[in-house]
Amino acid sequence: MLKIDNVTMKFGGVIAANKFNANIKKGQIVGLIGPNGAGKTTIFNVVTGVYKPTEGRVIFNAGDKEHIISGKRPDEIAKLGICRTFQNIRLFKDMSVLDNVFVANHLRIKSNVFSSILRTPGYRKEEKEMLEKSLYLLDRVGLLKERNEKANSLPYGKQRRLEIARALATDPKLLLLDEPAAGMNPQESSELMEFILNIKDEFDLTVFLIEHHMDVVMGICEEIFVLDHGELIAQGDPEAIQNNQRVIEAYLGVE
Amino acid sequence: MTDRLKVERKRILDTNTLILLGVLLAVVLIINFLANDYVKTIANLCGIYVTLGLSMQLINGFTGLFSLGHAGFMAIGAYTVALLTITPENKAMNFFLEPIVPFLENVQWSLLPALLMGGIIAAIFGFLIGAPVLRLTDDYLAIATLGFAEIIRVIFTNTQSLTNGALGLKAIPKYSSILWSWIVAFITILFMIFLMEGSYGKAFKSIKEDEIAARSMGINLFKHKVMSFTFSSFLAGIAGGLMAIHLGTIDPNMFRITLTFNIILIMVLGGIGNINGTVISAVVVTAAMEILRFLDSSINLGFIKIPGIPGMRMVIFSIILMLVVIIRKDRLLKEN
Ligand SMILES: Nc1ncnc2c1ncn2[C@@H]1O[C@H](COP(=O)(O)OP(=O)(O)OP(=O)(O)O)[C@@H](O)[C@H]1O
Ligand SMILES: [Mg+2]
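These protein sequence lines map, in sequence, to chains A and B.
Quick note: the first sequence uses our numbering, first residue 12, plus one each step.
Quick note: the second sequence uses our numbering, first residue 19, plus one each step.
If we strip away everything but chain B, and leave its shape as in the complex, we get (with noise of 0.2 angstroms):
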């Protein structure tokens, strides 16, 4: 074989997303170590959307399949992770009007465990609504997604001794420091690089591309969609455990589209396709949506008070969200 046939040496992880996973480790030290609750609160909420933005890019993004049931595998992590935490004393008080299953009445694991359990029945889930559907065409995808997602609401709304209905968990051990949600968005944001970049990433880049041409190249679409898709399930998971034992409190409807909605912006916001992107848009899309609350409240200038309305944190965002689309729409629509 000739010198010019020989195989580059390869580099995975390219100089910018080193500089990036620098400055964050950096900052998330230093806010771990200094800053106040506030700061944590969001910096705890960034790592965790930092999961959910690249498992929605690795089956929208990379796959291009179009799911929204991410708020109902954050639903099964999160409860998942709440019912094999909470003490047995703490779910005898939880479970007043019904008492608890037997067979979770004196579970208790440790957090590491609890997380991973989250992720893999989110994902046994996934495989479940993902085979039958992937197998026709995932034209449907998006529909049965969202279904699921709203289904899994009205179920756990309703088994009042599984989930405890609609008065939520409570209680659930608060192991949140921001180093969890951080290590976890760490292994994710590593995982995503060198999934993408071996041969099995780029198999589903070629279906996004592609799908004609990558199944007569011998690329079994069913397989590599449905494995995406369990992915992207497993992933959502974890983060919906992370937010259980970063809220300490769950119930049924925090898991509403809207969550699902959010994912989705920090995916287009990032780039599609782009993890490094989906990385700084995770965070500056959550921290601003924290840091615009104060809109939510009466603000007072001293001299005149403005009163509070709400939701108007949510138009503001909007506003920004249309006005960036707007201006970097040729970025948006072409990437990577």
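Same shape as in the complex, but just chain A (with noise of 0.2 angstroms):
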């Protein structure tokens, strides 16, 4: 489904990533983790489009065919079906909890914007259908009841949250999640894992995560890619990682 192919991400000097490859299958779940820096929101970055990668190709297939993403704008990324959260929570802070997931059904509107503004009947069932989504979407995630709150009034779970609702909305069909559960405590985030393993079914997901708590990765992570200083170190199941001793060095700090 997703193919990171060869990547390397130069900043001036500083490499963030090198001759970086993933290969991520459809339904899978798939983990990204390593140190403070290590180059892995780097990685989001370039497979959404954030930035243009200094060399290598990112290839995205849903089945559809194949296209080469990198290089193309985030929004086109978006509509081909790759969605993201963000590690440094980006809501659209002063609109409703609502209005944040409706805004996120727009990418695949049909009405033009004559329409939206004299309500034609063509709009207004797309608008209530979008509606109709959001709220579904925010029930989904507990928010249901927050749902003409200003976003930044939120706090900062339900914050987290809201990002994957909003992300939802766009109807993904690989999601990229930014250290979901940061700052979330061990109650919490299996709760998580359980609430990612119901969405990945439901909307019928690929899944690539970054996370810190390693609970979270190895419990639901099929594969794992290991990232330090912008390499790749390793790659493999939950239980070949916990055991791989490069992995134990570079968390443990050994040079």
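Just so you know, not all the hints are guaranteed correct.
Calculated from the model, a selection of chain A residues having no Cβ within reach of chain B, i.e. all distances over 10 angstroms [as the list claims (entries may be wrong)]: (1) K63; (2) F206; (3) H224; (4) M225.
Okay, derived cross-link-like pairs now, BS3-like style, lysine-lysine, Cα gap no bigger than 27 angstroms in a straight line [said to hold, decoys possible]: (5) K63(A) <-> K226(B); (6) K76(A) <-> K104(A); (7) K192(B) <-> K121(A); (8) K241(B) <-> K139(A); (9) K192(B) <-> K58(B); (10) K184(A) <-> K241(B); (11) K226(B) <-> K169(A); (12) K90(A) <-> K226(B); (13) K58(B) <-> K121(A); (14) K83(A) <-> K192(B); (15) K144(A) <-> K226(B); (16) K144(A) <-> K104(A); (17) K139(A) <-> K192(B); (18) K28(B) <-> K104(A); (19) K192(B) <-> K156(A); (20) K24(B) <-> K104(A); (21) K241(B) <-> K76(A); (22) K136(A) <-> K28(B); (23) K161(A) <-> K28(B); (24) K169(A) <-> K90(A); (25) K323(B) <-> K90(A); (26) K24(B) <-> K161(A); (27) K136(A) <-> K58(B); (28) K24(B) <-> K136(A); (29) K241(B) <-> K156(A); (30) K136(A) <-> K63(A); (31) K24(B) <-> K139(A); (32) K144(A) <-> K156(A); (33) K58(B) <-> K144(A); (34) K37(A) <-> K63(A); (35) K169(A) <-> K24(B); (36) K161(A) <-> K226(B); (37) K241(B) <-> K121(A); (38) K90(A) <-> K76(A); (39) K76(A) <-> K121(A); (40) K144(A) <-> K188(B).
No lab work stands behind these hints, which were simulated from the structure alone.
Bear in mind that the values here come from a model prediction, so they are computed numbers and not experimental data.
Note that the Cβ used here is the ideal one computed from N, Cα and C, for glycine as well.
Take the two lone chains, each set in its own frame, and fit them into one complex as the hints suggest.
Here it is in structure tokens:
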């Protein structure tokens, strides 16, 4: 489904990712781990088009045909079916919780702007469907009650869940989660694991996630990639990763 | 689908808006039929500035783009309306230095199509400036639009056979019942409310809130920014046209950057992203500007005569503005 092919990303002298390769198959939950500053978010930014890789390609295939997505704009990539959440939450702060999710439906709208202003029957029908889907997703993440509040009035944990609901509203096939469990206690992160498994089945998703909570990563990922200083140092199933000497060293900071 | 997930029927026009529109409609009608010419003139200008304030709000308050081109778009609208509505005889009288270009010589449109054409030509210019600038980064939009407005003024000063240059255009038919300005103002208010309540308007807002998040959610930044900017230019063009028929005389020097600043002040005082607030502030600021005009002329208090100080009005006005900004700064900074 997603092929990251020899991707290198440099920022001036900093090599944030070096010749990174990954192949993610449909229906998998894949983890990306590594110490701080390893280049994990950079990989997400390359996949979602925020950065154009210095070298290499990213290829996405959601079953229709192959798209070379490196070099495409983020909105084009979102339309193809890749959506993400942000490590440092990026909600539309002053918009309501409902509008945050509603506006993420906008990319698939068929009515034009004039129909929206005149509220033609065609537009009203579309808007109703968009709202229904948004309410459903808010209910799914447990934020239905808060729908009319401003996004930035929510506590941190709920903002993270709102980010997931917003990403789901774009109808992704591949969902990228950047540290979804950050700031959560063990109870909350085990609920999150449950939730990720559920939405994966319900929406037929492939999930690629960055996480520091090892219980989450080891609990739900079939395959894990480990980055350190931009280099891929290990790849494999949870058990292999847990026993990998280089991974242990990277995490313990042994040179 | 369970009951609690049912989509609530949304009211596009909330109670406050309905009250505001009702009050404005009543006041405008009363003024139109009962008031003297002085009051009518002020009311007329108020209507035009409502449209201008909302046009600025659209691009700046809602989409987060800083544009300084309003005076330029107004100039385009004003000249278009003037050239399309002035009678052929009056055109001949206006263009005594150099004859007018032949294709405009005998045109005489009625007001409504002329106004629309003014808006459309302004929108085309908006698109032509917005598209290349916004494709790169909108950091340059302020500079590009400011430059555009100045260039338009210089061009209009020098195209003698098209705009009559520095002499300006006189004898623009004065359709100006205040109804025209206010019909446009009411349509603009409704346009803005319906636009911003819809999916496209919310996309504009999301761009203002966080561009990176918006484009990651599939919103095409370029398309939506150009759309917003083009609409905004269209409205400014229409308002310029209304200004032309209100004044009856236009010349390039009317359309200076200070005009744009007045509109920005209206927007800021109205509250960034606040439609009702902008309508109120447009009316209050415009009326205050006119009422304070007496400060520029000499004041006779019977026993003492204070000589007029030109510019006094602007000084007083600026002080009032500063006070309002200081008092209301928390409201101004976080709105809607
Ligand atoms: N836009 C940028 N400009 C310059 N350097 C950058 C940029 N983005 C990331 N970097 C650098 O690239 C390296 C990798 O950063 P990245 O954010 O991908 O790390 P990460 O693995 O997500 O870390 P964390 O666990 O802290 O989120 C860091 O050294 C960072 O400073
Ligand atoms: Mg990161």
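Quick rundown of the hints versus the structure:
1. K63: holds (14 angstroms)
2. F206: At roughly 18 angstroms from the nearest Cβ of chain B, F206(A) sits farther out than 10 angstroms, so the non-interface label holds.
3. H224: holds (23 angstroms)
4. M225: holds (27 angstroms)
5. K63(A) <-> K226(B): holds (23 angstroms)
6. K76(A) <-> K104(A): violated (36 angstroms)
7. K192(B) <-> K121(A): This hinted pair is violated, its Cα atoms lying about 43 angstroms apart.
8. K241(B) <-> K139(A): Holds: K241(B) and K139(A) sit about 24 angstroms apart, inside 27 angstroms.
9. K192(B) <-> K58(B): Roughly 13 angstroms between the alpha carbons, so the hint for K192(B) and K58(B) holds.
10. K184(A) <-> K241(B): Roughly 24 angstroms between the alpha carbons, so the hint for K184(A) and K241(B) holds.
11. K226(B) <-> K169(A): holds (23 angstroms)
12. K90(A) <-> K226(B): Roughly 21 angstroms separates the two Cα atoms, so the pair holds.
13. K58(B) <-> K121(A): violated (45 angstroms)
14. K83(A) <-> K192(B): Violated: K83(A) and K192(B) sit about 53 angstroms apart, past 27 angstroms.
15. K144(A) <-> K226(B): holds (24 angstroms)
16. K144(A) <-> K104(A): holds (21 angstroms)
17. K139(A) <-> K192(B): violated (46 angstroms)
18. K28(B) <-> K104(A): holds (22 angstroms)
19. K192(B) <-> K156(A): violated (56 angstroms)
20. K24(B) <-> K104(A): holds (25 angstroms)
21. K241(B) <-> K76(A): Distance of about 26 angstroms is within 27 angstroms: holds.
22. K136(A) <-> K28(B): holds (13 angstroms)
23. K161(A) <-> K28(B): Distance of about 18 angstroms is within 27 angstroms: holds.
24. K169(A) <-> K90(A): Roughly 26 angstroms between the alpha carbons, so the hint for K169(A) and K90(A) holds.
25. K323(B) <-> K90(A): Cα-Cα ~72 angstroms, so violated.
26. K24(B) <-> K161(A): holds (21 angstroms)
27. K136(A) <-> K58(B): The given pair, whose Cα atoms are some 44 angstroms apart, is violated under the 27 angstroms limit.
28. K24(B) <-> K136(A): holds (14 angstroms)
29. K241(B) <-> K156(A): Between K241(B) and K156(A) the Cα gap is close to 34 angstroms, so the pair fails against 27 angstroms, i.e. violated.
30. K136(A) <-> K63(A): violated (38 angstroms)
31. K24(B) <-> K139(A): This hinted pair holds, its Cα atoms lying about 10 angstroms apart.
32. K144(A) <-> K156(A): Holds, because 15 angstroms separates the two Cα atoms, which is no more than 27 angstroms.
33. K58(B) <-> K144(A): violated (50 angstroms)
34. K37(A) <-> K63(A): Given pair K37(A), K63(A) holds - Cα atoms ~24 angstroms apart, limit 27 angstroms.
35. K169(A) <-> K24(B): Holds: K169(A) and K24(B) sit about 22 angstroms apart, inside 27 angstroms.
36. K161(A) <-> K226(B): Holds, at about 15 angstroms.
37. K241(B) <-> K121(A): This hinted pair holds, its Cα atoms lying about 15 angstroms apart.
38. K90(A) <-> K76(A): With a Cα-Cα distance of about 14 angstroms, the restraint between K90(A) and K76(A) holds, given a limit of 27 angstroms.
39. K76(A) <-> K121(A): Holds, at roughly 23 angstroms.
40. K144(A) <-> K188(B): Outside the cut-off at roughly 58 angstroms; violated.
This entry does not satisfy hints 6, 7, 13, 14, 17, 19, 25, 27, 29, 30, 33, 40, going by the numbered hints stated previously.
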